[in-house]
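What follows is the residue order along each chain.
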Amino acid sequence: MLMMNTNAHNLCWYDEFGNRLEGTKEGAFLAPWSICSAAQFGISDEIFQKLKFQYPSMKPIDKYKMGSNYGAFVITLPGVLSHLNQSRVSYRMLIDVRGYPHQKPLAYVFSPSDDEIKHCNIHNGGNFEIWPGQHLCFVCDSDDSNYWSTLKGDDLLLFVTWLEQLSKVLNNPNINSSARGE
Amino acid sequence: MMRLQMKDSDQQIELVADSSLLLKDFLNNNGLMPRDGSLRYALDQHDNVINNLPLSETPSVMYLGLPERVMSIWVDRVLEDGVQTKTKMENGDEVFVPGLSTNEHYNLYISRITKSKSGIVRKNGYCFRTNGAAYQENDLVYVRIPISGDEISLFNPITGSNSIKIKLDQSTPLSKIRGLWCVCSYHSQSGLKAYLQYRPEHTFIPPSFKPIQREEKQPLKPKLAGLNRYRRRGKNPKPWGPGITIGRFKDWLTYIAGAPPSPKGTILGRRVRTFTDAHNNSAQLINSYRDGEKLFETGDTIHIQMPKSGDLSTIFNPISKKNDLQIKVHPPRAKKLSMFSKCWVITRVCKSQNNPDILNVVIDSTLSELHKSNFSRSSFS
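Protein chains in written order, with this note's numbering: chain A, 66 to 247; chain B, 3 to 383.
Possibly wrong hints are sitting among the right ones.
Taking lysine-lysine and the DSS-like style, the derived pairs with C-alpha atoms no more than 30 Å apart in a straight line are [unchecked claim]:
| hint | chain 1 | residue 1 | chain 2 | residue 2 |
| --- | --- | --- | --- | --- |
| 1 | A | K124 | B | K26 |
| 2 | B | K90 | A | K117 |
| 3 | B | K212 | A | K130 |
| 4 | B | K178 | B | K225 |
These are computed hints drawn from the structure, not numbers from a lab.
Pulled out of the complex, with its shape left as it was, chain A reads as follows:
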């Protein structure tokens, strides 16, 4: 179940070993997520394996392995070409979860190429530090990214919810929030 965090944004409760807590307890301390240990970021192997049942195309990128967690992976998601052309397109995407669950995952399309993309919620191509040298197109998956820091709950549920939202965007282009300049 998702819960609103009553704490200030970007602050979480941690136990004495640095493990993130759902609530507070004796000895817990409140700290910004940015100073958490690497083990607190990314997608755990357990979650990854569970997700692979519905998304077999998921493949972790080894160089972004953070301890036992994965920091980035590739996935193929079906969508439509554009709001004017509902032809099916398989979007091959890079998902950046290095900040997850404290930060919302980031989704980039690397295939089809920038020239072939017509979807209005996929930005024009650019270079990003997650994959230098590769032209990536950032996907705008919601209007407001601040809501993420207010969400708390099961890591798997949070992630699946976000993935479903991404899939919804790819299948239902929102022309009121166009990200692509022609």
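Based on these hints, arrange chain B on the given structure of chain A.
The following block gives chain B in isolation, referenced to the frame of chain A:
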């Protein structure tokens, strides 16, 4: 109770279902198929795709995943190896697929698995598509040229089997490459049947390769027994009526039905009756058989004695050496079969043969009447 076990993990689902619903529909309707467009098949324990089985006929344990020869891979590096492109799997296996490029996801069918001298498993295969047509213009496939014929089977992602039959381009030098594992390109021009074209520039031909030459299989010729070879004496036999030859064989005036005598005047047949004809000649009736794939051809004549009742008779069968070749006799136009009861008649083999065990014949009334007039002392009624 049935168990659906993921092939590559411990995840499993148990279900109680007994209906005529197809397994693939069950998987689709219950959210058990991937959401990312990836392939997933229901497999039995022998790795056979069983998507089209009704739930009531499925085994108690099934596996969800991909058959051994189907792979879904992410290629993060491509190595050139001669005319082929290859990538390395995490377990060390080498995958050779024409037209690979880096940072791409591929669905592959592995058409050939070999092991190198150093123990490395080599998998050769080709890509297929899961969106729309499985193969499109200029797609490259790695296949083996058939030893006979010119048809090749390609993997069909819908059925999960090699059910796409496709012919090689007519210009392919088949006799020089029979048995060769090679790269072909797929072509499908609108209005024309799809075909494959051999691509030598992408194919590694082993120096020791020799095309496999296999003679076309000849249809098996049945071994005939219980027949005599009759040789003419004197003049050549001559036609007596359409489909019947008359001649002298060993002092016997012989009425031959069936295959005509060879140019040298010999026949392979079996005597079915002897009698004295209207001119006091010793005469015999012989049914001649063809020494080939078929004993009789459409239009061949046969001497038959009609049964007392019914339309079924038997003649000698040189394959089984018994009198068990079943004949179904049809009456001539405007006549009843009962008119010919117990008579010797001349029949013709019909064109329509719907039962391989029963030969359909029709009575030739004109020839049978000729018979009657010539055999005054015969038992024609």
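Hints the structure fails to honour: Those not satisfied are hints 3, 4.
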